[in-house]
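Chemist: Go ahead and model the full structure; you've got the sequences and the hints to work with.
Protein chains in written order, with our numbering: chain A, 1 to 324; chain B, 325 to 887.
A portion of the hints provided could be inaccurate.
What the hints assert, rightly or not - Derived CB-CB ranges, DEER-like:
hint, chain 1, residue 1, chain 2, residue 2, range
1, A, Leu31, B, Gly880, 42 to 50 Å
2, B, Glu854, A, Glu138, 37 to 45 Å
3, B, Trp529, A, Pro139, 52 to 60 Å
4, A, Gln30, B, Glu772, 33 to 41 Å
5, A, Gly100, B, Pro490, 30 to 38 Å
6, A, Pro85, B, Glu854, 46 to 54 Å
7, B, Thr498, A, Gly100, 23 to 31 Å
8, B, Pro490, A, Pro139, 23 to 31 Å
9, A, Pro85, B, Gly880, 49 to 57 Å
10, B, Glu751, A, Glu138, 16 to 24 Å
Calculated directly from the structure, the hints in this document are not laboratory data. Glycine included, every Cβ here is placed at the ideal spot set by N, Cα and C.
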Amino acid sequence: MRIHRPNNPLTEIISLTGKRLNRRQFLKFQLKGALWLSVGVKGLALPAKLHANAIPDISVVKGKPGPATRLAVEQLGGMQTFVKPGDKVVIKPNMSFANGIVNATNTRPEVVRELVAMVKEAGAGRVRVLDNTLCQPEPSIADIKAACQVFNEDIVHALGDYDFYRNIKLNDKWFGFNKTDVMKDVLDADCLIAAPTAKSHHATGVSLSMKGMMGLVFDRWTMHQQGLDDAIVTLAALLKPKLVVVDVSRVLSTNGPRGPGKIIPMNTIVASADMVAADAKTVEICTWYGKRFKPRQIKHIRLAHEQGLGRMDVENLVLKETVL
Amino acid sequence: MTFQRVIQSLSLGIFLLALWRAPHALLGAWPADGSLRMDPMILLGTVVAGRKLAPFLWITGCILLLCMLLGRFFCAYLCPLGATIDGCDHFLRRQHDRSSPSPSLSCTGLRHLKYQLLIFILGAGILGVSFVFVAAPMALATRLYGLIIYPGLYFLADLGLTTLRPAADQLNLTAIAYAVVKAPRYDLQWLTFSMSLALLAGGVWTPRFWCRNLCPSGALLALFSRRPIVRRTVSQDCSNCGLCARKCPMGAIGMETEDAKSINPFRVNHAECIVCLTCVRVCPTHAVSFRAGKQSGIEKIGRQTPTISLDRRRVLGAGVSGSVAAILTLTGLKAPSSAAGPGNPVHPAVIRPPGAIPEKNFLARCVRCDACMQACPTNTLQPLGWQAGLSALYSPVVKPRRGPCAPDCTACGDVCPTGSLRPLHPEEKLKAKVGTARIFRQKCLAWEFDKKCLICDEVCPFDAIEFRKLPDMHIAVPFVNEKKCFGCGYCEYHCPVQAVPAIVVEPMQALRLSGGSYRTAAREMGYTLETKPKAGTSTDDIGPQDLPLFQLDEKGLPPGFTE
Chain A
1 MRIHRPNNPL
11 TEIISLTGKR
21 LNRRQFLKFQ
31 LKGALWLSVG
41 VKGLALPAKL
51 HANAIPDISV
61 VKGKPGPATR
71 LAVEQLGGMQ
81 TFVKPGDKVV
91 IKPNMSFANG
101 IVNATNTRPE
111 VVRELVAMVK
121 EAGAGRVRVL
131 DNTLCQPEPS
141 IADIKAACQV
151 FNEDIVHALG
161 DYDFYRNIKL
171 NDKWFGFNKT
181 DVMKDVLDAD
191 CLIAAPTAKS
201 HHATGVSLSM
211 KGMMGLVFDR
221 WTMHQQGLDD
231 AIVTLAALLK
241 PKLVVVDVSR
251 VLSTNGPRGP
261 GKIIPMNTIV
271 ASADMVAADA
281 KTVEICTWYG
291 KRFKPRQIKH
301 IRLAHEQGLG
311 RMDVENLVLK
321 ETVL
Chain B
325 MTFQRVIQSL
335 SLGIFLLALW
345 RAPHALLGAW
355 PADGSLRMDP
365 MILLGTVVAG
375 RKLAPFLWIT
385 GCILLLCMLL
395 GRFFCAYLCP
405 LGATIDGCDH
415 FLRRQHDRSS
425 PSPSLSCTGL
435 RHLKYQLLIF
445 ILGAGILGVS
455 FVFVAAPMAL
465 ATRLYGLIIY
475 PGLYFLADLG
485 LTTLRPAADQ
495 LNLTAIAYAV
505 VKAPRYDLQW
515 LTFSMSLALL
525 AGGVWTPRFW
535 CRNLCPSGAL
545 LALFSRRPIV
555 RRTVSQDCSN
565 CGLCARKCPM
575 GAIGMETEDA
585 KSINPFRVNH
595 AECIVCLTCV
605 RVCPTHAVSF
615 RAGKQSGIEK
625 IGRQTPTISL
635 DRRRVLGAGV
645 SGSVAAILTL
655 TGLKAPSSAA
665 GPGNPVHPAV
675 IRPPGAIPEK
685 NFLARCVRCD
695 ACMQACPTNT
705 LQPLGWQAGL
715 SALYSPVVKP
725 RRGPCAPDCT
735 ACGDVCPTGS
745 LRPLHPEEKL
755 KAKVGTARIF
765 RQKCLAWEFD
775 KKCLICDEVC
785 PFDAIEFRKL
795 PDMHIAVPFV
805 NEKKCFGCGY
815 CEYHCPVQAV
825 PAIVVEPMQA
835 LRLSGGSYRT
845 AAREMGYTLE
855 TKPKAGTSTD
865 DIGPQDLPLF
875 QLDEKGLPPG
885 FTE
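Modeler: So, in structure tokens, the structure goes:
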């Protein structure tokens, strides 16, 4: 798995000062330094993208779930940026609970339906909406399945049978989570899209796109044995979605993941190509247990950031916010 | 195909569909236990051992009355086990038939065994111990098909699907590619198989070995069809060829002595005749007919109709043995007891399904047809082995490690033919507590290993698990609220700890009512068994008074958040 590590300007400075500078190099160095200073101290550590008018890192849209989903993805360059014609696409919403829509434990069906529509418009081949449900499969996926009836295709499935999974090795050296079984559909897909719903989680603080990847493995129970936060990051390094669309139309602010808990209407969709950034932005904009928290206060988000899986320093990322 | 074969196949088909819980479109209003209700032995078990007048008494009453009119027709036309035995005999006896001139006449000396078995079961039943399950033909048939044949077919279907799946996936046939067969698995399969095999293997010696010699239901029906109104008569055209006697699957014709050589086609034991009409069909001179009314002249010429000798010694012997067996059961350490006080050891694995009546009555009434296990959608109901003694063999228990008991499901009570599992309204079922979960702290990931695991809480439909932050612990640890715990076993099923799980359901505090409302009983006990999460509240402001469901840690952080 390719892990993107941003160039650190500090290393550049050291390499420059290690040898004699000519005038041109010196001027360049001065100019860069001025630029970095203008970005701010935090920018020195991790640079933001400088072309602010281009595609943002995070797209936040306020509005009704369906249209907001569409606009949020369009602000990131449109679905064709992520899905090429003929691609096999897997959308992973949270549809693990048979609690009905009112309890805010599953992704809103409108969000999933809109995503499927956009993926199909981008010319995708095989589209699947998949989850390994916690509650009984049929009632859990019923709402999303009903919403996706419009496509006249059998795309929403809860995969509980071992035959749908394939054992794979995980890149983990430090705590023994070195293999797991992942849905074949996901391993064979060209594009994975995460569509979690915003909710709290007793063990991991929040359950968003990274935590949601546990719904693509067969035996997620053993992940608790290996240490949940670490295991989530290891899994996220393998199952890195190309696009994350977080359904923040409301947030299950307390007593997640199962509820019933305090549900706060947010009327928002957060999208990003960076799963850590999407999760971090969601943590930042929501109220959890009556308080505000920083993304770094969620251990698995912090670990993922430290591992270079994505960025939780959302204040340094380019954000585009729109109200519909 | 003869009339008898058509009816017999239909009856077997209905039985199999009902056992398979076929959708109503196929079966209409036919109840899942429709065939079971017709078995007189199941009725007798319920009435004698269970001390309860079964509501379907009239069905058996009708069948017994019909026996007095038509003879022992039940065995040839309605009994699914009889149909199975016929089919099996057909397969077993092909070559044998050629070598033996009159196989139907052998083994006549064992016929009294079925009466003895019947009296044995009655003798035990009078003392409140039911051995109906050992020999009731319907229970044997449901166990053979439900615990052996259906799981085998499911297994093969699963194998087939697995083989087809890659091809179906390529062709985008999602209906097949994503279809899943949840193959059920049952305990005691070797015992069930051996019992069934032994029963069917009798066909090697004579056709319908079981029906002639051992079936207690057959014995009861035989008692009512000793001289039916419509019965076999032979006209003067009889050429005395003896073909009817040789072909009779029950060996009911020409039983003068137990010597196979003396055949008299005029003589028939009506109690053994199952009215299959084979003799009418095979007779070369068309001399045989079944008709009502007076005896024909020929029958008068022949000597009296033979009967099975059932002397006082045998009757008494069987009855007393039954009672002795019952006493042995009741004096064992594992004697079934409904009392919950001291001195009554209960095996922790004996978690009865919801709606099970108090244990002693339950075992007396349950005929081990195992229809509940077939109906159970999660495969959690399993036949019990020897943990509660011989008298509890094959009785249903909840096995949470295999599957949880779904809160909204009432299938087991709906199909129980004897009312040992009460049919419950879904609201009542929610209160029919089957046990209580217990946490093994030494194995718990949170308690012992400092791992953030809360699966038991996550999966509990009754919200009975509470995570508390203890002062000297790093992370929140689970506690069971026994007032809220139903014993459904979702926690045990999902617990990631291998071998003995860290949370286990035990039959502690189970509600066992022979009558009355579970809602009332649960209220009286102070149980608050609720599954539906209250609809989420939706307001912007959140005050401390609104936050009873979680605890902040010593740093004032909610669960899962760090500094």
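Chemist: Now tell me if each hint is right for this structure.
Modeler: Hints, one by one, checked against the model:
Distance hint check for A:Leu31 and B:Gly880: the Cβ-Cβ separation is about 47 Å, which falls inside the suggested range of 42 to 50 Å. For B:Glu854 and A:Glu138, the Cβ-Cβ distance of about 23 Å falls outside the hinted range of 37 to 45 Å, so the restraint is violated. A hinted range of 52 to 60 Å for the beta carbons of B:Trp529 and A:Pro139 is consistent with their spacing of about 53 Å. Checked against the hint of 33 to 41 Å, the pair A:Gln30 and B:Glu772 fails, with Cβ atoms roughly 60 Å apart.
A hinted range of 30 to 38 Å holds for the C-beta pair A:Gly100 and B:Pro490, which are about 36 Å apart. As the Cβ distance of A:Pro85 to B:Glu854 is approximately 51 Å, the hint placing it in 46 to 54 Å holds. Checked against the hint of 23 to 31 Å, the C-beta distance between B:Thr498 and A:Gly100 comes to roughly 26 Å, which is consistent with it. For B:Pro490 and A:Pro139, the hinted distance range of 23 to 31 Å is satisfied, since their beta carbons lie about 29 Å from each other.
Taking 49 to 57 Å as the suggested C-beta distance range, the pair A:Pro85 and B:Gly880 conforms, at roughly 52 Å. Range check, B:Glu751 to A:Glu138: Cβ separation about 22 Å, and the 16 to 24 Å hint holds.
Violation of the numbered hints given earlier is confined to hints 2 and 4; the remaining hints are satisfied by the structure.
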